[in-house]
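Chains H, P and L: place on chain B using the hints.
4 protein chains.
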Amino acid sequence: MKLRLGMIGGGEGSFIGAVHRIAARIDDEYELICGVFSSKPDVSKKSGLSIGLPENRVYSTYQELIEKEKQLPANERVQVIGIVTPNNVHFGPAKLALENGFHVILDKPMTLSLAEAKELEKTVKATGNLFALTHTYTGYPMVKEAKQLVKSGKIGKVRKIYVEYPQGWLSTFLEGNSDNKQAAWRADPAKSGIAGAMGDIGTHAFNLAEYVSGLQVTKICADINIVVDDRKLDDDGGILLKYNNGASGVLMASQIAAGEENNIKVRVYGERGSVEWQQCDANTLTVKWLDKPTEIYRTGGSYVSSYASHNTRVPAGHPEGYLEAFANIYRNFALTIKAHAAGQTPQPEWMDFPGIEEGVRGMAFIENAIASGKSDIKWTDFKV
Amino acid sequence: MKLRLGMIGGGEGSFIGAVHRIAARIDDEYELICGVFSSKPDVSKKSGLSIGLPENRVYSTYQELIEKEKQLPANERVQVIGIVTPNNVHFGPAKLALENGFHVILDKPMTLSLAEAKELEKTVKATGNLFALTHTYTGYPMVKEAKQLVKSGKIGKVRKIYVEYPQGWLSTFLEGNSDNKQAAWRADPAKSGIAGAMGDIGTHAFNLAEYVSGLQVTKICADINIVVDDRKLDDDGGILLKYNNGASGVLMASQIAAGEENNIKVRVYGERGSVEWQQCDANTLTVKWLDKPTEIYRTGGSYVSSYASHNTRVPAGHPEGYLEAFANIYRNFALTIKAHAAGQTPQPEWMDFPGIEEGVRGMAFIENAIASGKSDIKWTDFKV
Amino acid sequence: MKLRLGMIGGGEGSFIGAVHRIAARIDDEYELICGVFSSKPDVSKKSGLSIGLPENRVYSTYQELIEKEKQLPANERVQVIGIVTPNNVHFGPAKLALENGFHVILDKPMTLSLAEAKELEKTVKATGNLFALTHTYTGYPMVKEAKQLVKSGKIGKVRKIYVEYPQGWLSTFLEGNSDNKQAAWRADPAKSGIAGAMGDIGTHAFNLAEYVSGLQVTKICADINIVVDDRKLDDDGGILLKYNNGASGVLMASQIAAGEENNIKVRVYGERGSVEWQQCDANTLTVKWLDKPTEIYRTGGSYVSSYASHNTRVPAGHPEGYLEAFANIYRNFALTIKAHAAGQTPQPEWMDFPGIEEGVRGMAFIENAIASGKSDIKWTDFKV
Amino acid sequence: MKLRLGMIGGGEGSFIGAVHRIAARIDDEYELICGVFSSKPDVSKKSGLSIGLPENRVYSTYQELIEKEKQLPANERVQVIGIVTPNNVHFGPAKLALENGFHVILDKPMTLSLAEAKELEKTVKATGNLFALTHTYTGYPMVKEAKQLVKSGKIGKVRKIYVEYPQGWLSTFLEGNSDNKQAAWRADPAKSGIAGAMGDIGTHAFNLAEYVSGLQVTKICADINIVVDDRKLDDDGGILLKYNNGASGVLMASQIAAGEENNIKVRVYGERGSVEWQQCDANTLTVKWLDKPTEIYRTGGSYVSSYASHNTRVPAGHPEGYLEAFANIYRNFALTIKAHAAGQTPQPEWMDFPGIEEGVRGMAFIENAIASGKSDIKWTDFKV
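Protein chains in written order, with this note's numbering: chain B, 218 to 601; chain H, 218 to 601; chain P, 218 to 601; chain L, 218 to 601.
Calculated from the structure, these hints are not laboratory results. All values reported here derive from a predicted model rather than from experimental measurement. Incorrect hints may appear among the rest.
Each computed EDC-like pair below joins lysine to aspartate or glutamate, with the alpha-carbon atoms no more than 16 Å apart [claimed, not checked]: (1) P:Lys219 x L:Glu248; (2) H:Lys459 x L:Glu248; (3) H:Lys509 x P:Asp446; (4) B:Lys219 x H:Glu248; (5) H:Lys591 x H:Glu566; (6) L:Lys436 x H:Asp593; (7) B:Lys374 x P:Asp446; (8) L:Lys374 x H:Asp446; (9) P:Lys591 x B:Asp593; (10) P:Lys509 x H:Glu512; (11) B:Lys509 x L:Glu512; (12) L:Lys459 x H:Asp593; (13) H:Lys374 x L:Asp446; (14) H:Lys257 x H:Glu281; (15) H:Lys436 x L:Asp593; (16) P:Lys436 x B:Asp593; (17) B:Lys436 x P:Asp593; (18) P:Lys459 x B:Asp593; (19) L:Lys219 x P:Glu248; (20) B:Lys371 x B:Asp244; (21) L:Lys591 x H:Asp245; (22) L:Lys600 x L:Glu584; (23) B:Lys459 x P:Asp593.
The following block holds chain B by itself, in its conformation from the complex (with noise of 0.2 Å):
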């Protein structure tokens, strides 16, 4: 049986609304049945209308979509609840969905402010529904498979952490192009919040490299620019970083960084041996040792972990992509729903999608970094 799912932003414009709704679909663990698709009633019922949609299940508000989904037989409601929308339209909708009984899908940053991301999180447990953040890049079947070759010990204790993400598309001062809603709104303090590139990719960042290396951020030394004159939030990043172990570690996140594209890329070194990936090369992991060759683990390989393998639909050799690498997490998000509606305990390798503590620990870092940039002292202890 799929999932009942409802969306709320993805409307006309929107490039997250289109990926995750093809993420929902290629498992096909999941039926897109009802949404708000806008802030405005008439874009949103034409947006519903446009990818299918019956036009009483095509809300005018969120509140609208919960309140009347929730008055539905309980085996027509909806069951999940995707966020799409602006930053400032995360915590809102996420915390009604959750306190009217529905599980939450939502995408990143996970909140406008960490006050507001701690207390989701209390809703959350107070709730005991389930929630997923798409930090997308966790999804990938090469990302997973790096985690776990850290975690099983054979490169050592890890002693330091590379974690990058450049793009190049706000080299110029996009957001003053009204048609382009995509910078227009990430430019904006009032829907993005305090950060720029900090809060688009710069959480990407500093998420997966906790992700992979298993350790927690515990100081932070930030260089937080703007470049691009007359914009408002920050396009640009470097940060040193400690972590729980004591391995220290660099973070560079730009949007200023001209012809690159989104290759985010990680690279972990322990005491015998490191693990490399990125992006642009998504189905490959390089695992380089002190004394013996390079070896290259790939996407399909027969000798990778049930995490990788779980997470990966065709032979090796074909790409899968980023698409697939969201799609992973939404489907690992309705195994997880099914098995504890049905009473029983999930597999990990399922409940290996980012949550709630992601969502808290990366608006953390928002916070952490911008007040940072601000400040002259070097190192300053990251508070969550």
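Then chains H, P and L, alone, in the frame of chain B:
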């Protein structure tokens, strides 16, 4: 409105059946509404139910499917039939479906023999129904870009074409293991036809070279080998080719290239430059020039042709892979069907999917290659 | 006519001594005619004889070398002195050689301290003798091409610089093994100075970033670590930088990046494009643009600048490597010396080798980095 | 003690002459003491003086060189003669030099015809003097590692060999430009022999495949083309091969592959794994396996064979290139000569350079390939 899709083949243990279903789902142009998933009725039933079909739309034979669906009201009955059976069950259902008013999307190689292929070509032409063949690799945006670049004349007249499809998975006698369905039918002449590797992957390489270059093979000189003991069909081949503009070519296809995944690769050299594409880096097209820097075209680049951009879903740097390439064929087929139904001329980008002519040429490739492999004469005319 | 070369250091067990000698030989601009190869006279003698020098031109101390050579007829005596000793024996012989009329080519880092460096700078200026510092990586043709491309303004104003030098060879306490001379002196403050990794490889990264960008560091915020137990000097660091045009940068240098070889890498991002170079693919320069395909410049390409082509020996595709990059410094130094001797102005391509200014800035980097590493203040001015 | 080297050919305008001289210098095993650098005595004189030879050791003809040097005292006369002339001036000087007691190092292809090659083989055997042929690519450490790995049996019996040498530099009628000496003699049958591309680069590809695999070609089926109008010799070819263990192969060599540099590449597939090497990434050997991660062997790695490490000068990650590969042949030839002179058995690593047998097989390749290209018969025996 989604097109109503039926499926023949692709039940339990099938790899390609699941791929077709994902491909059909990704862009939401189809709804799978019926099927016959196995030659064994109980397996068909079980498979159909497991993917959520209602019992009365899961059939026991393809004949039954076609007959019963035809009797349904026009707005309920299947519109497009996808056929994903072994090669020996391609011609029968495809012909019957076309003759009964259904559009057909068929896995490659198109039929069991060239004679069947030509017969099917006649059926397509006679019925006027639409037909697509899933030569997946031509669905990649950067393969389309390569074709457009060659077509533009920028690299000059084509002089040389290298194409290869190396696999290693049949390096051992896998078909001796009765659990390996994939190997078993591919190595069985009754199901696969007169060719093994040449049919399974040689046809892909042949098609890719003709697609990108815009040329057609006219002469062939083949070295066809059975490398693994006790195997009944070829698992390796090297082929010299002549094309209809005088260019020469080399085609390599092997299933005993130990360690290789599925890195199909094509290079087309013209008078002034060349294009190079390989599946392991599918979102990159390398364009080399006699006297200026090599250029790297990327999926999602602002500078690519409409043929590439039409077949892309996410921004550059978020890799799209094999399933998206497959989905591009499904989507373009749907767009073309809908345009036809609406009495409109499809856009040229929509019609850029492999069809009956490619299928006939692919079967001709198989028969010419196998015949040449047995011949003492060096060059034989490529007969269609 | 070949220049007569003498060498200080580089006897048995030295890695860099042999490299200097090969570099000096490659283009046949030098003849090695004398040297002192060890602080132990018998080792010096043995080393000198083993490489074919006559006994009377192998000396016991650098003072003896300079004194005795000075007494030889002008057409017999050494003209250029190469110094390849540990850091603590750089300043003394370099100063004495310059003061006695010899040109000097010196390994990096230039001296044991910034004070020595500035003193040496005065000596160079006062004597008018020529001086080269072997920051090898700026000898690569594609690094020179990168600099010229940035200088041309094609990528616009520089905004961001990433540079890194990851090594893994000191991941264990190698200096505890008395047979490992390379590790032993580098880890010994008496021979290496106040820095380990920052002096050995951090200076290379610093120099490469300033060379390619044409900018100078003005502020620094460093995280300097000793990772391996019992080690006396830093083996890892991450540094945030500000440059004199307002650009920001990140510098990473580590000797505990397990599995890494010597893949020094630099990326310079401008307003409209960026350049990227890494040693592991040394003959490639990647140039990315905001709105057109990435370009791959290659050593030996017909389109490269005179700075690249002047430093290339063989046609494109025949890789030139580290030894050739090193040789480029030796060759350009020789061409400059000869031009000076002939009263001619050297071509600008010849004078494009690192010299005393780069040496002073390198020592300033070491002292600023180590000081910043110990400081609680975030940004400190880069003092020279 | 350095070996005294003389050179025939390689004067002004020669590319390969300078390469030989650099290769001879790199490891300081030779001293160039005499030569004849052109068939024009004044050009020879000028060239010799310009590289620093005394006037009396620059000769006008190779006969003069050999005659006069032979009359010098044993400790002054030349010991090794390097021959770098066009193909039509290989056999004469090589034979004369060997017959007069000199060791010979000769550029490829070895002679103008197979008959000459066999005659030269007799001379080598009869005189007992030593002979090396500069098939440069077998001098790369990672090519040697590939051979050792295949020889070890780790990848199992060899089944398939792909080798290619794509160049683009003769995509236009360069030989029509009288200033282009490189193109002119290569395209002139009187100087080059019966083959163009097959002789110039096909022989390299053929040699590389036999070297790495340890096998010998037994049958051949060639498609040999003249692509550029008015050209007299082949500039392109595709060849099917059979080897003496039953393996099959494909060889591609082209000088009209527009945009290609000199990326010679070989892949050898065995029963359990494969090795892959290409010049554009010369310090990497990729080893793929049926059922475990791909391994990346690197020049300088602690795990490589003595054949690789013996031919490496600098630590891993500092790339060694074409000139070092060339130098490895010179160095190993010198070490072998010196061991012979001392009555010692050379180490096997020293003797691993191409010699007279490779030269004979290379000439056989040319004659067999050209003959097969003209034949209507598919497979012809490879005749030596």
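* Hint numbers contradicted by this structure -> The structure breaks hints 2, 3, 5, 20 and 21; every other hint is satisfied.
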